[in-house]
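Please arrange chain B on chain A, whose structure you already have, making use of the hints.
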Amino acid sequence: MKTTVERRRVIRPRPAIALTVTALLTLAVAVYGLTSGDYPITPAGVVKTLVGLGDATDAYIVNELRLPRVAAALVVGAALGLSGALLQALVRNGLASPDVLGVTNGASVGALGTIVLIGGGSVAVAAGAAVGGIAIGVLLMLLSGRAQGNRLVLAGVAITAILSGVIGWLLTKAQLVDAARATLWLTGSLDGRGWDDVLPPAVALVLVLPVLVLYARPLAMLEMGDDSATALGVRVARTKALVMLSSVLLASFAAAAAGPVSFVALTAPHLARRASRATGPNLAASAVFGAALLVCADWAAQHLVPGRQLPVGAVTGLLGGGYLIWLLVMERRAGRL
Amino acid sequence: MSRPYEVMQSPPQVLAAPPPATATRHRTRRALGLAAAVLALAAVAALSLLLGARPLSLTEAWHGLTDPASGAYTVVHDMRLPRTVLGLLAGAALGLAGALAQALTRNPIAEPGLLGINAGASAAVVTCITFFGVQSLTGYVWFAFLGAGAVSCLVYLVGGGRGATPVRLALAGAAINAALFSYVSAAELLQTSALDRMRFWTVGSLADASMSTVVRVLPFIAAGTFLALRLARPLNALALGDDSATALGARPVATRVASMIAVTLLAGAATAACGPIAFVGLMVPHLVRSLTGPDLRWMLPYTIVLSPVVLLGSDILGRVVARPGEMLVGVVTAVVGGPVFLFFLLRRKVAAA
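In the order they appear, the protein sequences are chains A and B.
Per full-length UniProt numbering, numbering of the first sequence is gapless, rising by one per residue and ending at 337.
Per full-length UniProt numbering, numbering of the second sequence is gapless, rising by one per residue and ending at 353.
Hint data in this document are derived by calculation from the structure and do not stem from the laboratory.
Be a bit skeptical, because a hint or two may be false.
As the list claims (entries may be wrong) - Simulated crosslink set (SDA-like; lysine to any residue; CA at most 20 Å straight-line):
1) A/Lys173 - B/Gly52
2) A/Lys173 - B/Ala207
3) A/Lys173 - B/Ala53
Unchecked claim - Stretch by stretch, here's where chain A covers chain B in the computed footprint (C-beta under 8 Å, at least three residues):
4) 106–114
5) 168–175
6) 184–191
7) 338–346
To be verified - Partial list, derived from the structure: chain B residues whose beta carbon lies under 8 Å from chain A:
8) Ala178
9) Ala179
10) Phe181
11) Val203
12) Met327
13) Leu328
14) Gly330
15) Val331
16) Ala334
Every residue gets a Cβ at the ideal spot worked out from N, C-alpha and C, and that includes glycine.
This is chain A alone, in the form it adopts within the complex (with noise of 0.2 Å):
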């Protein structure tokens, strides 16, 4: 009794427009990124100076100077957008994210750590951004046997204060010097990335992407339960295990890159969700708005104050934060929390 089940994937409009349009709308602000600074370019020209039509003096600032910081941007968004929608739908708690569980705190004393105490250059930081972060990743994963859900999330709350001490340490015992140095990349900054700073959340990126292909399904099961996903043929451990893995890999690199920016891989997968409005973790949209919000809070960064360039950090930080307030309250009318 051999029934055919027609195997036909949906493609439904909703979500494919979202992702389209976001999309499209990211590439725009990060080209309209590129032909804004002291040294004005049209638009055209950056299109022209991209494709490789330009002259020497254009191809110079926006290829050396200007597309560097603009891409590490879009990486290190998507990264952190990822990221958090991996550890959300883990964790099946719309309110975890790398910051919130101390993942980030634990990159963030990984970096301080080298610029204090050894005083290395940019690899050695994000090396020490990354090993950091990793580590809180694994104590989060032995934990999550005794902690789950809203446990984890408090486990995390606690974690994040711990490190928050050792930074403060750390600050206390550095030079004015590295502690300038140490402040700036704890806000999180864009300023100043060059090629090799892109380097390792693309990587990060392409290493997660066969976990993503062949996990997605199982995790998109993992929402209805343990139990539910094993009846399904789910193998919930190793799932679990490879999909906070590659959540703490990505929150790592990119905090490697740019410093630990803070509430985007919150932010991301809330808004992924609003606008594509389609079931599961949402992971592409997650990624693609992740990407979104940390170019157009870059730019917002580099004009808001006149004469003054702000961290991305404070800026995403304070817009997060909000964020994360307001979502509390919605979340307390709803009676979901």
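What follows is chain B alone, placed relative to chain A:
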């Protein structure tokens, strides 16, 4: 809840029930415990005078305290004594603020540090140091109150007041902490001279204590403590729910407002004096509750005595482990207190809601 309220045991037969012998024994035991706690406090305070970059013997310290001609006079009077007294005051203030916040929200994880109240005070102080150029404590203590008050109202409202679950409160606190952290570091980066001052202050330290600081925060902490002790009975009643509390003669709204004022005074004054110090207000009330039970009339005095023991103990630890330098007390409380909180979290069903 062993002896909450006489009125609570309303059915007449129950009123007669507790054998007076047990009640007296409980009271004696608690009073003895309190005496022991005071002794511990005295011991820690003495150690705080003795230990440091240059350890003193007991006789040296005594001479330093009483005899202006002694070699240790400067060390004791200018450095260790103000530090110890400030540690006592700030510790008591932070512990009390934590105990009150926990009673007010009926929530085990409420604590000025985690809820962002200390961060509110420090953001306000950073604002006035960076943008208004205020340097003196008298100038910025009012800003600290303003910041602490604003954040405590915000976190109480966002967290959902009486119905707050631990997760909601913690996340509201985390959100506020993160937003304020971004603000503080942006302000520091805009002005590097402020960064050099602020990076020590934003960790929480007793090292710069002076007698003038002590004198300036004393009135606020005293007022907050007085208010807190007056609130023990009404808050006990509120633990039974608003309706029962009203029936027992407590005024829920007035009690809540007064508690918020007390928390603001205590946390704001402590933060203005030593910077944001986390986890003291969380650890000590939990420890005390396991000793005395949830009756605030005993809990609050115990907290007043034991919180400085923890704060000064952490300070001494910070002086001893990193000799000849020292580790700031805010770092020690975070590194020691955080794991205690984690342990507590994993052992009990805190986050059931």
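Hints, verified against the model:
no. : hint                : in the structure
1   : A/Lys173 - B/Gly52  : 18 Å, holds
2   : A/Lys173 - B/Ala207 : 14 Å, holds
3   : A/Lys173 - B/Ala53  : 17 Å, holds
4   : 106–114             : holds (count 3)
5   : 168–175             : holds (count 7)
6   : 184–191             : holds (count 5)
7   : 338–346             : holds (count 6)
8   : Ala178              : 5 Å, holds
9   : Ala179              : 2 Å, holds
10  : Phe181              : 7 Å, holds
11  : Val203              : 4 Å, holds
12  : Met327              : 6 Å, holds
13  : Leu328              : 6 Å, holds
14  : Gly330              : 6 Å, holds
15  : Val331              : 4 Å, holds
16  : Ala334              : 2 Å, holds
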